[in-house]
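K.L.:
Listed here are the chains, written in short residue letters.
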Amino acid sequence: MILDPETDHQVWPTSVCADIVAEDTTLSISFPADAVPNSLVLRISSLPFLQLDKKSWLSDVEEMPGLRVELGGNIARLASRTLRFDKTTTQHDAKYYELRFDLTGMQKGEKAELALKCEKTSPPEYPLRW
Amino acid sequence: MTKLIKDPLPGSLDGSPHYSDIAMIPMQMIVSRYVESSLDETTRQRLRQLVPHTFHAKSNFLPYDKTPREYSFVIADGLNLGGVKYDETRLGGPKGDVTQFVPGVIQWDSGKHGGGVGWISVSDSGS
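Sequence lines, in order, name chains A and B. At position 3 of the first sequence the residue is numbered 3 (this note's numbering), and the sequence of numbers has no breaks. One gets this note's numbering by counting positions in the second sequence from 1 and adding 130 to each.
In isolation and in its complexed conformation, chain A is listed as follows:
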């Protein structure tokens, strides 16, 4: 592990590894204590009829059309959210949300974990908005 001498935070992992496992309806993401990266990024589709901008994505449970996600793990609340546009295409729905989990403040020797427990729901009918 390489530490920033100013902050004593990890700046680059000595090993690039992660355990990302799909089991039942949960996607579990974890980094071993000696290889926690500076950040973890989730990208989330932002669809034309999805009012994601009104949702926090920092809560324990997030609702989207057709899916309910329960967040767990010790890094679930370390996120900042940004709306991004895919500049490689001109499609109207080529925007997405990016959640960046800042892991530089993790305690030394602490394993970083995030769990996304999914539950399929009936997608609500959003009004057409072309």
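Because the hints were derived from the structure by calculation, they are not lab data. Mixed in with the good hints there might be a few duds.
Said to hold, decoys possible - Calculated pairs, DSBU-like style, for lysine-lysine (alpha carbon to alpha carbon, straight line, at most 35 Å): (1) 108(A) / 188(B); (2) 225(B) / 117(A); (3) 225(B) / 188(B); (4) 215(B) / 120(A); (5) 225(B) / 215(B); (6) 117(A) / 215(B); (7) 215(B) / 196(B); (8) 196(B) / 225(B); (9) 215(B) / 188(B); (10) 117(A) / 196(B).
Stated by the list, open to error - A short, non-exhaustive set of chain B residues, derived as facing chain A with CB atoms under 10 Å: (11) 206; (12) 212; (13) 213; (14) 218; (15) 220; (16) 221; (17) 249; (18) 254.
Ideal Cβ positions, reconstructed from N, Cα and C, are used throughout, including at glycine.
Since the structure of chain A is already known, use the hints to place chain B on it.
P.N.:
Using the frame of chain A, we list chain B on its own:
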């Protein structure tokens, strides 16, 4: 095969920068009867009806991976999840393309008014 098409294809297909790949469709129609003839009945049945299931696999990509990658998938009606356990010498493998390395994905049926398919992808930024 796409090079055989002399006439321009219609405008971009929404959601696919690879729209010219649709030229493969007539080819598949031609070859499918021969390909499918080698499938046994059990395999055919699995392709006819989706049964919720999990799947695990491993791959080796030496010398760029320190250990074999372990893949896990959950496939159900309207929802699928996939993850990879990895230990790489550098993020993104030999190409080092972090944007193309997506070791975790969730996809679900978000309904047509939700765009059809919702997705969440996981990226390890490394720095």
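K.L.:
Next step is simple, just say for each hint if it's right about the structure.
P.N.:
Checked hints:
Our distance criterion of 35 Å between C-alpha atoms is met by residue 108(A) and residue 188(B), whose separation comes to about 31 Å. Restraint check: the Cα-Cα separation between residue 225(B) and residue 117(A) comes to about 32 Å, which is no more than 35 Å; the hinted pair holds. The hinted pair formed by residue 225(B) and residue 188(B) meets the criterion: a straight-line CA distance of about 20 Å does not exceed 35 Å. Of the supplied pair hints, the one linking residue 215(B) and residue 120(A) holds, its CA atoms being roughly 25 Å apart against a limit of 35 Å.
Restraint check for residue 225(B) and residue 215(B): satisfied, since their Cα atoms lie roughly 19 Å apart, inside the 35 Å limit. Simply put, residue 117(A) and residue 215(B) have alpha-carbon atoms about 18 Å apart, close enough for the 35 Å limit, and the pair holds. For the proposed pair residue 215(B) and residue 196(B), the alpha carbon gap of about 11 Å is at most 35 Å, so the pair holds. This hinted pair checks out: residue 196(B) and residue 225(B) have alpha carbons roughly 16 Å apart, not beyond 35 Å.
Restraint check for residue 215(B) and residue 188(B): satisfied, since their Cα atoms lie roughly 9 Å apart, inside the 35 Å limit. The suggested pairing of residue 117(A) with residue 196(B) holds, with an alpha-carbon distance near 29 Å, which does not exceed 35 Å. The beta carbon of residue 206(B) is positioned within 10 Å of a beta carbon in chain A (closest approach about 8 Å), and the interface hint is therefore held. Hint on residue 212(B) holds. Least Cβ distance to chain A is approximately 5 Å, under the 10 Å limit.
Contact between residue 213(B) and chain A, as hinted, is supported at the beta carbon level, the nearest pair being about 4 Å apart and thus within 10 Å. Interface hint status for residue 218(B): upheld, as the beta-carbon distance to the closest one in chain A is roughly 5 Å, under 10 Å. Because the beta carbon of residue 220(B) sits about 6 Å from the nearest beta carbon in chain A, less than 10 Å, this interface hint is met. Here the hint on residue 221(B) is kept, as its CB sits about 5 Å from the closest CB of chain A, short of 10 Å.
Taking 10 Å as the C-beta contact cut-off toward chain A, the hint placing residue 249(B) at the interface holds, the least distance being around 5 Å. Taken as an interface hint, residue 254(B) checks out: its beta carbon lies about 6 Å from the nearest beta carbon of chain A, inside 10 Å.
The structure fails none of the hints (numbered hints given earlier).
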